[in-house]
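Participant: Each chain, letter by letter, is given below.
4 protein chains.
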Amino acid sequence: MAYEFKAVRRVEFSETDMAGIVHYSNFFRYMETAEHGFFRHLGYSVVMDQFEPAVGWPRVHAECEYRQPLRFEDEVEIHMLVSEKKSKTLSYLFKFRKLNGSSPIEVARGSLTVVCVTKLPDGKMAATSIPKEFADKIEVAPAELLA
Amino acid sequence: MAYEFKAVRRVEFSETDMAGIVHYSNFFRYMETAEHGFFRHLGYSVVMDQFEPAVGWPRVHAECEYRQPLRFEDEVEIHMLVSEKKSKTLSYLFKFRKLNGSSPIEVARGSLTVVCVTKLPDGKMAATSIPKEFADKIEVAPAELLA
Amino acid sequence: MAYEFKAVRRVEFSETDMAGIVHYSNFFRYMETAEHGFFRHLGYSVVMDQFEPAVGWPRVHAECEYRQPLRFEDEVEIHMLVSEKKSKTLSYLFKFRKLNGSSPIEVARGSLTVVCVTKLPDGKMAATSIPKEFADKIEVAPAELLA
Amino acid sequence: MAYEFKAVRRVEFSETDMAGIVHYSNFFRYMETAEHGFFRHLGYSVVMDQFEPAVGWPRVHAECEYRQPLRFEDEVEIHMLVSEKKSKTLSYLFKFRKLNGSSPIEVARGSLTVVCVTKLPDGKMAATSIPKEFADKIEVAPAELLA
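Protein chains in written order, with our numbering: chain D, 181 to 327; chain P, 181 to 327; chain Y, 181 to 327; chain F, 181 to 327.
Please keep in mind that the hints were generated in silico from the structure rather than gathered at the bench.
Please note that the accuracy of each hint is not assured.
[As the list claims (entries may be wrong)] As a list, the in silico BS3-like pairs of lysine-lysine whose alpha-carbon atoms are at most 30 Å apart:
(1) K299(F) <-> K299(P)
(2) K266(D) <-> K275(P)
(3) K317(D) <-> K304(D)
(4) K268(P) <-> K278(D)
For clarity, every value in this text was computed on a predicted model and none was experimentally measured.
Let the hints inform the model, and build the full structure from the sequences given.
Facilitator: Structure, rendered in C-alpha cells:
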C-alpha cells in the first residue's frame with residue numbers, strides 16, 4: 181500500500197514568463213509529474229490500457245495556492261500525497277518545496293481530484309470503479325502528513 | 181466601472197493531449213486571455229509599468245472545476261467576472277462555455293486571486309495598494325452573475 | 181485552388197519567457213494556427229477522419245529564423261504559403277509580421293513539411309497519398325510570394 | 181574544453197497531443213534542456229548576469245527533422261554537440277535518441293544557432309562577443325560526431 185510520491189524537477193527556461201518566475205499554469209503540469217511517477221512506481225501507467233475495458237483519469241478539480249515564486253534553475257520537489265480515495269475518484273495533495281537555498285521551503289500547495297473513466301461506444305466518457313488490483317495498492321496518507 | 185469581460189478562443193491542436201481533449205493546465209492559460217483582455221479594455225496592460233513604482237500582478241490562488249472536455253477546434257468563451265475587490269487583491273470568476281454545438285454549455289468554472297505587487301530594491305516582491313485610477317474603474321459583478 | 185492563409189494572434193503572457201520575449205518554441209505553435217486555419221478555410225480539419233481510412237499530418241521537418249523579438253501583447257500576423265506539393269507531402273513557408281508599430285515588419289520566417297499518413301493495423305503510421313478531393317483544392321503559391 | 185552534453189527526459193503527458201505523440205514544438209524545449217545543462221556543467225547559467233554588462237543568448241535559427249514519434253513515458257536522450265563557434269554565435273547539433281525499447285534509436289535530429297547579446301540603454305539587444313572565460317571552455321565537436 182502506498183500513499184505518497186516525491187518527484188524532483190529543475191525549472192526550465194521555457195517554464196518562466198516575462199515576470200521572471202515560473203508561469204502559474206506550470207504548477208499543474210508539475211503535479212502530473214509526481215502523480216504519473218506515483219502510478220509508475222506502483223507498476224502502472226496513467227494510460228491504463230491493460231484493463232478491459234481500458235480506463236483513463238480525467239481531472240475534475242484542480243487548485244493551487246502560491247506562496248513564493250519559483251525561478252529558472254530552481255530545484256523543486258513535488259511531494260504528492262493521496263488525500264482521499266473513493267470508489268471512482270482519487271484526490272491528491274501536493275506540497276511544492278524549493279530545494280536549493282539554505283533550507284527547503286514550501287513555495288506552493290496544490291490539490292487535484294481525478295475520476296476513473298471508461299470510453300462508451302459513442303466516444304463519451306463515463307465514470308467507473310477504480311480497477312480493484314490498482315485500488316488495493318493505494319491508501320490515504322496519514323492525517324498528520326495532510327495537515 | 182467594469183466588472184466583466186468575455187474572450188473567445190478556438191482550441192488549438194497543441195493544447196490537446198493524448199486523451200484527445202484540452203490538457204487541464206491550459207484552462208489556466210485561457211483565464212489569463214480573458215483577464216488581460218479585461219485590463220486592455222480598460223486601457224491598461226497587466227504589465228503596469230506606467231505607474232511609479234511599476235506594479236505587477238502575481239497569482240496567489242487558482243482553481244478550476246472541469247465538467248465536460250473541450251476538444252480540438254471547439255470554440256470556447258471565457259467569461260470573466262470580478263468576484264472580489266480588496267485594497268491589494270482582486271478575485272475573478274471564470275465561466276467557460278463551449279459555443280459550437282446546438283446551444284452553449286458551461287464546460288468548466290474557475291477562479292483566480294491576484295495580488296498587486298511592487299519590486300523592492302533587493303528584487304523581492306511586496307504587496308501594495310492597487311493604483312487608485314485603475315481600482316476606480318473596477319467593481320464587483322452583481323451577485324446573480326456570480327452564482 | 182488556394183495557396184495561402186493569414187492568421188492573427190496577440191502574444192499572450194504565458195508565451196513569454198524570463199527574457200521578456202516570446203519563447204522561440206512558440207513560433208512553431210503559431211505556425212499551426214495558420215496551417216489549421218488554412219485547412220478549415222478549405223472545409224477540412226487537420227484531423228481528417230472523414231476519409232476511409234482516416235489520415236493525419238505529422239510534421240517531418242520544421243525550421244524558423246528569428247530576426248526580431250515578439251513581446252507581450254504584440255499583434256502578429258502569420259502568413260502561410262504553400263511552397264511545395266507532392267503526392268504525399270506538403271511544405272509551407274511562414275512569414276511572421278508584427279502588426280503593431282508604425283508599419284508591419286517581418287520578425288521571423290519559418291517552414292514546415294508535413295506528410296499525409298494512415299494508421300496501420302499495428303498502430304504504426306505509414307505515408308499515404310493526399311486524398312484527391314483535398315489535394316485538388318491546394319496549389320503552390322506564386323514564386324514571387326515565396327521569395 | 182567541452183563540446184557535448186547529454187540530458188535525459190521522460191516524456192510527460194502534457195507534452196503529448198491528440199495524435200498520441202509528443203507535439204513537435206516540444207523538441208525545441210527539449211533542446212534547451214541539454215543546452216542549459218551544458219552551460220551549468222561548465223559552471224554557468226544561460227542567464228549570464230555575472231558579466232558586466234550581463235549577456236543573454238537569444239535564438240536566431242532553429243531546425244528539427246522528425247523521424248519517429250516519441251510517446252508518453254518514453255525516455256529520450258538529448259545529445260547536444262557544439263557544431264560551430266564564432267566570436268558572437270554558437271551552433272549546436274542535437275541527436276534525440278529513444279532509450280526504452282530493445283536498442284536506442286535516433287528519433288529526431290535538430291540544430292540551434294544562438295547569439296550572445298547585451299541589452300542597450302534603450303532596451304534593445306545588440307550582438308556582442310562571447311565572454312572570453314566562457315568561450316575558452318568550449319570547442320567544436322570532432323567531425324565524426326557531427327556526421
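Participant: Are the hints correct? Go through all of them and say.
Facilitator: These are the hints, each one checked on the structure:
1. With a C-alpha separation of about 20 Å, the suggested pairing of K299(F) with K299(P) holds against the 30 Å cut-off.
2. Proposed proximity of K266(D) and K275(P) is supported: the alpha carbons are some 28 Å apart, at most 30 Å.
3. A threshold of 30 Å between alpha carbons decides the hint, and for K317(D) with K304(D) the separation of about 28 Å falls inside it, so the pair holds.
4. Between K268(P) and K278(D) the CA atoms are separated by roughly 26 Å; this keeps the pair inside 30 Å, and the hint holds.
Of the numbered hints listed earlier, not one is contradicted by the structure.
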